[in-house]
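Engineer: One-letter residues, chain by chain:
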Amino acid sequence: MTSDTRFWSCLDDLAGRPAGSDEFAPDVAAAIAELRAAQGLDREDAVDAPTLDRWRAELQALLPGVNRRSFLRLSGAAAVLAAISGCGGDPHPDTLVPLAAQPEGTTLGEALHYATVVRCNGAPCPVVARCYDGRPIKLDGNPDHPLIRGRSDARVQAAVLDLYDPDRGGLDPAAPRQYRDGPRQRSGGQWQPTGWGELDRAVGERLREARRILWISGPLDGPAQRAFVELLQRALGERLRHIAYHPWAEDSAVEARARVLGERSAPRWHLERAAVLVTFASDPLAHGDVALQAAYGRFRRGQRGEPGQLIAVEPVLTQTGSCADVRVRAAMADLAWVAWAVAGEIAAAEGAALPPAIAAALPEQRARLAAALRPVAQDGESVPAVRYIAERLLAARRRGALALALASGPTHSGPESLDLHIAVCWLNRLLGAEGRAVSGAPPRATRDGLSAALAEDWDLVLVSHGANPAFDLPGAAERLRAVPCLVSLNPTRDETAALAHWQAPGLHDLESWGDAELAPGQAEIQQPVIQPLWDTRAAEESLASFLSAAGLMPPELASERAAVPAQPPLSVVSRKQLWQASARGLLPWRSFVRRVWSELLAAQGQGGEAAWRALLQRGFLAVPPRAAPPALPHAIAAPPAPASASALTLVCSGSRTVGDGSQLNNPWLQELPDPVSKVCWDGWAALSPADAARLGVADDEVIELAVGEARVRLPALVQDGQHPGCVEVFLGWGRSAAGLVADITAADGWRANAYLLAGGQRWGAAVTVQRTGLRYELARTQHHHRLAGERVARDDVWELHQRDPGQQRRQPAHHAWERGTDGRPGGRLSIWGRHHTYPGHRWGMVIDLDLCTGCGACIVACSAENNVPAVGRDEVRRNRELHWIRIDRYYSAPAAEAAARLDVAVLHQPMLCQQCDHAPCEAVCPANATMKSEEGINIQVYNRCIGTRYCANNCPYKVRRFNWYQYSAMRAGPQRAGEPAQRIARNLLGEGSAIAAAERAHAPLHFVLNPEVTVRHRGVMEKCNFCLQRQRAWRREEVRRHQRLPDGFLTTACAQACPTEAIVWGDLNDPEARVSALGEDPRAYRALDAESNTRPKIAYLAKLRHRPASAEELAALRAALGPEAAR
Amino acid sequence: MVSGPPSPSAASPSPLSWLARWWPLIVLAGVLAVGAWQWWWNAFHDRGYAPEQPIAFSHRLHAGELKLDCRYCHFNAERGKHAGIPPMSVCMGCHAVVASDRPQIQRLAEIAQQGSYTAADGTVHEGGVVHWRRVHRLPDHVYFDHRAHVAAGVACQTCHGPVEEMTVLRQFADLTMQWCLDCHRGTRYVGGPGTDPNDPTTWRVGVADYEALRARERRDPIVVFHERRLRGSAAGAHGHGEAPAPDAAAAEEPAAAPDPRLAAFLAAHPAFAAKVRELPAWRAAALPDSHRLMNAATDCSTCHQ
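Going down the list, the sequences are from chains B and Y.
The opening residue of the first sequence carries number 0 in numbering that gives the first Met the number 0; numbering runs sequentially from there.
The opening residue of the second sequence carries number 0 in numbering that gives the first Met the number 0; numbering runs sequentially from there.
Just chain B, with the same shape it has in the complex (with noise of 0.2 angstroms):
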């Protein structure tokens, strides 16, 4: 980076205006008063005289007799009568409530940890669940595992939150404690309650009936399912069809690597591998399981010292182009050509041949490339970017290492990505990663295949695990209305349940049995970590249970008729009696799932109940792969030209933090910030810089998109470093029978669902853009908590830090701190007269800025494991987010490139307490609420602190929250809807919302606080203190044992998370932690300690930028080194 290099957030920081972070500047408030008089929009601010007035007369009926004065007055006395009154009478109106009996091996208060798996985006991912007291609260990966190492993604880590969705149970705000749960059966528009024996008699009915039946599965890959699969396919015959169904499954990558490889297999990336990545418009550390985003992880730590290089060929910003450090703008329809032109520079270098369509297309195309693309600077000359991916790839080749060209995601599961992947598949090929650095798995799921057999009849139609085509698959809405019988057997009341005839709802995988193959030769068992919630059954015991309704069931499935115990188990919620498949004679599923297994162990010479609780325990193992059936390879067809056309056209990514939307209702997720975008809460449409200047479009304006028949209104946001001529919108979000939470946010936003545009064509659909000149807010993180001063994200390149390591200890060191003495080693100013010693534990942590890829999964784990509610969108919109951590997205370019805001590059930076040695929040609290503990941490007193917010104000970082309301009381932050008067009734008299009423009556949602952290009251500041907790815990184990634990024996949520293991904890007194060694690292750098002196407990690890140096950026490091040094 040279001097001359922009950067910046937001615009704010591009256009050199001052930090607007703070909502009470004064400057600010009067622009803000401006803009929004100006836009018309003021629905709140802007109020004329009568409807104030008409708002204080329904105030004074509310509250009567009250004016501001008396008001502060009443609320004193209330104050006081409050506490008169908890003293007397009662104090502590609770009960205790004892266990029956307490189940072996545990203990009251102590967490126990189970091997089990969830499934997120469709993918399976190995956790360890913690449990307190029967409830799990928080989820890891599986430490143990070979391919997840203990990291997970924000997905995983909120999924123990779907399982307490009050949705699940059907509760009405209105009504607390009725539960509407159980089997629902629709008759005239309604829905009727029903018993599992009638449903069962019913559906059995049909299903003996029934000529063609079809079973619509979310993906189904572990051995038992598979086994059950089979089992129902032969008891059916003929008459069955299952189909395991993903939206995001990649058919056309199938049906590439059919076409080259002369197999049908799903390719599974080997990202750890490779010593070179080239992403052609492919998220995969969005998009991509946990294991995949780990091995980036490995991946870019590297091989013999040389980090992976990353490029990515897009059109869009995606977050793995955001991570990239070469990034080649191209459209869409020239992604193919682009793969076949590198390809064909490696089939000559290497002296192998094209396709022979291919070969005589691609003279053209590669003149036409060489002008659509921008080049690549390199040693003081523009090499075309074709030329220097090719380069680059051979380069690996020729050193002996990997290279692997990747494209996945949901952006190109659809037909129209065939050709890229054909390419792609070939170029593998040809770079010899085909077999090594990527491999053929069966499918999981297809897309295409349910298109297929939905435009067939059908008698019945059974819907099970999660899949939801009614939502996400075009038109199957309309093909599902016309099914004679449809039972839904999914755990959520989803868009599909509720055009059923029947809804049998199932389990949550924390619920349920089950199994899953993450990759061939590695399989998964599935346990239960808590009774069903809710009055539910297994998929699979209810698919049996129609069977033997029917009188079809096959003889495996038979068991002894048990009795019904004489307290048969309820369920935990809604305290109904659970359905019992033993007591009618079925095999329980767990027993199958236990068969199966049994099998399974058995032919590795392991038996008996040893071998299964083993097994249990680790929650995996190696089994023989499964081949993926063969194909017949195929002749290879040349690409279309790409028509010159100027018109927009549309790109569908998957949403980067709900995911394929079945998350959608979780308000964690909701409230996750978007790696690159840092929206929540809300879809979008991005728009290049280009093209909003040629519409005239800003950030925040409606747009509404025409794409074929249909037309969206979508919230518009300029997004840096996108392609001229593609919108880019995101699948996952406008759900519409989600969930409370997912429609408090749809209320005032936008419904539009992108897997219905362009008949679930991913890219390529001909989109035009019309202006509504009306203005939606999107809830945008960015630009709040700004920090001034000194750059506090740096990166460096590669190339330059080979010959200069020592660039980040350069860092100007303007201040006079410097001059001062304490006493310590380079010796600086302190306002405290003496230095605090910590000679136990000093804890500290180190984040690899070149490792974070901005993904929010230390967000989420942080959420969950500090009880941080979610604040709702317009909390947000206020800067009232609550996380502890943040993660800054920062985009530099060069000066001259910076308006366009074209081609940027990246840098995400987490943001968190530094537990700062001079922590200037300290010497401000008038309540010492926040104060130094004995092992470093700057320590937030919640009972002392009476809400000054001093310190937030006096944080150079910004990392201080405030609870503003009863966050903890309410589901998604307060209700802002209707008017001001009730409003502020609603919420002085702390209800918050009807949501928050129903869920303090008797919602599981209280079942996920973690019981070691406070649940935080209005009005205090919270902020991170390292997980404080498992300090404790740490010690507490140390006094036990009387000696030292090792480094990495516990660590915080964050770091404990990260899928690439970015952030690294540990103690600083004990030499051998990674994190002394770290710190050391000539990349580290302290954010603002030159500048404000504060001497933060975290150090950053600047980023590499593995690209060639520029010409200003080898000038600077020879005017810094001198000519001969800098060779």
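Everything labelled a hint here was simulated from the structure, so no lab data went into it.
Hints should not be assumed to be uniformly reliable.
SDA-like, lysine to any residue: derived pairs with alpha carbons at most 25 angstroms apart [to be verified]: (1) 931/B - 724/B; (2) 957/B - 902/B; (3) 575/B - 118/Y; (4) 575/B - 109/Y; (5) 575/B - 127/Y; (6) 575/B - 562/B; (7) 575/B - 122/Y; (8) 931/B - 180/Y; (9) 575/B - 180/Y; (10) 66/Y - 169/Y; (11) 931/B - 140/Y; (12) 575/B - 130/Y; (13) 575/B - 117/Y; (14) 931/B - 1067/B; (15) 931/B - 137/Y; (16) 575/B - 169/Y; (17) 575/B - 112/Y; (18) 575/B - 108/Y; (19) 66/Y - 922/B; (20) 931/B - 896/B.
What follows is a set of in silico ranges between Cβ atoms, one per label pair, in the way DEER data are often shown [said to hold, decoys possible]: (21) 27/Y - 942/B: 33 to 41 angstroms; (22) 263/Y - 608/B: 37 to 45 angstroms; (23) 263/Y - 555/B: 55 to 63 angstroms; (24) 101/Y - 188/B: 58 to 66 angstroms; (25) 104/B - 175/Y: 31 to 39 angstroms; (26) 712/B - 125/Y: 45 to 53 angstroms; (27) 139/Y - 454/B: 52 to 60 angstroms; (28) 120/Y - 186/B: 48 to 56 angstroms.
Glycine included, each C-beta is placed from N, C-alpha and C at the ideal position.
For chain B, the structure is supplied; the task is to place chain Y on it using the hints.
Structural biologist: Showing chain Y alone in chain B's frame:
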């Protein structure tokens, strides 16, 4: 009579006359002050709180007269942060047989059997367990760990008072922060004053002057039991079945030699007697006093999970 200047006495009334004039206010202020103090004290000190429990359980009977080890029922205290209310299985382990003719025990058995019961206020409680009224309560932000305190040898009575004398359990200490600090002012811990970070043996949680504290408190059956066992093992004997050391505290304890009540119990419950006979001799001899109420329905694993 000519009115002169006011007399000196009238200009400076004696303190007594001032008192005579203002005494109602002073008394009122005094009453208010005392009342405020009382209110303040009551608002934040729940000492003496003794709610009526759904089953009239007597700690005096169980811990006092029968000398049951506290951890027989509150076995969680030395393993976790919560002392825990004993599971119904522990209650019924004994009371399936013992005192099964008492009305309170019959109610207990009824609750355990029927799976739900209706409390006095009409609430229906499910789960086949008694919903006890909570007596001790710490604020939400306090992290208290029973295990650490039991491991450090703090007697139950130090915080919970003479439970073995309470027919109705009441809160003994006020559980204020000051009360915590009364002990913890002298705490030594990792990184605290007086610890050597390189010497793990100095890393201790506990009060510095523990001996003085111990001398102040009442004899806790647990502590006595523990000490006896420690002394026994130190003497190279097989646990605490051996003769106690000549110590005033231990001398108060019943001898571990055959207890007539235990003998009678074993005679009445042959199944349990058989169970005891199956144990290795040294373990049978080492069965503490508190275990004499075990019966045929109880197993070691009932409590020692």
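Engineer: Look at each hint and say if it fits the structure.
Structural biologist: Here is what the structure says about each hint:
For the suggested pair residue 931/B and residue 724/B, the alpha carbons sit about 54 angstroms apart, so the restraint of at most 25 angstroms is broken. Between residue 957/B and residue 902/B, the direct Cα distance comes to roughly 29 angstroms. Violation of the 25 angstroms bound is thereby established for this hinted pair. With a C-alpha separation of about 21 angstroms, the suggested pair residue 575/B and residue 118/Y falls inside the 25 angstroms cut-off, and the hint holds. Under the criterion of a C-alpha separation no larger than 25 angstroms, the hint pairing residue 575/B with residue 109/Y is consistent with the structure, at around 22 angstroms.
Pair hint residue 575/B plus residue 127/Y holds up; C-alpha atoms about 15 angstroms apart against a cutoff of 25 angstroms. Between residue 575/B and residue 562/B the alpha-carbon distance is near 18 angstroms, which keeps this suggested pair within the 25 angstroms criterion. Simply put, residue 575/B and residue 122/Y have alpha-carbon atoms about 18 angstroms apart, close enough for the 25 angstroms limit, and the pair holds. Taking the CA atoms of residue 931/B and residue 180/Y, the gap is about 19 angstroms. The hint holds against a cut of 25 angstroms.
The straight-line distance between the Cα atoms of residue 575/B and residue 180/Y is roughly 47 angstroms, outside the 25 angstroms bound, and the hint therefore fails. Of the pairs offered as hints, the one joining residue 66/Y and residue 169/Y holds, with about 19 angstroms between alpha carbons and a cut-off of 25 angstroms not exceeded. Distance hint between residue 931/B and residue 140/Y is fulfilled; the C-alpha atoms sit about 18 angstroms from each other, no more than 25 angstroms. Distance check on the hinted pair: residue 575/B and residue 130/Y sit about 20 angstroms apart at the alpha-carbon level, within 25 angstroms; holds.
Pair hint residue 575/B plus residue 117/Y holds up; C-alpha atoms about 19 angstroms apart against a cutoff of 25 angstroms. Restraint check: the Cα-Cα separation between residue 931/B and residue 1067/B comes to about 16 angstroms, which is no more than 25 angstroms; the hinted pair holds. Between residue 931/B and residue 137/Y, the direct Cα distance comes to roughly 24 angstroms. Compliance with the 25 angstroms bound is thereby established for this hinted pair. Taking the CA atoms of residue 575/B and residue 169/Y, the gap is near 37 angstroms; set against the 25 angstroms cutoff, the hint is violated.
For a cut-off of 25 angstroms, the pair hint linking residue 575/B to residue 112/Y stands: about 19 angstroms separates their Cα positions. For the hint pairing residue 575/B with residue 108/Y, the CA-to-CA distance comes to about 24 angstroms; that is within 25 angstroms, so the pair holds. A C-alpha spacing of about 54 angstroms is found between residue 66/Y and residue 922/B, which places the hinted pair above 25 angstroms, so the restraint is violated. Proximity of residue 931/B to residue 896/B is assessed by CA-CA distance (about 46 angstroms); at most 25 angstroms being required, the pair is judged violated.
Distance hint for residue 27/Y and residue 942/B: a CB-CB separation of about 34 angstroms, consistent with the stated range 33 to 41 angstroms. Under the hint 37 to 45 angstroms, the C-beta atoms of residue 263/Y and residue 608/B, about 41 angstroms apart, fit the expected range. Range check, residue 263/Y to residue 555/B: Cβ separation about 57 angstroms, and the 55 to 63 angstroms hint holds. The supplied range of 58 to 66 angstroms is met by residue 101/Y and residue 188/B, whose beta-carbon atoms lie about 59 angstroms from each other.
Under the hint 31 to 39 angstroms, the C-beta atoms of residue 104/B and residue 175/Y, about 36 angstroms apart, fit the expected range. Against the hinted window of 45 to 53 angstroms, the Cβ-Cβ separation of residue 712/B and residue 125/Y comes to about 50 angstroms, which satisfies the hint. The hinted window of 52 to 60 angstroms between residue 139/Y and residue 454/B holds, with their beta carbons roughly 58 angstroms apart. Our hint of 48 to 56 angstroms for residue 120/Y and residue 186/B is violated, since their Cβ atoms are close to 40 angstroms apart.
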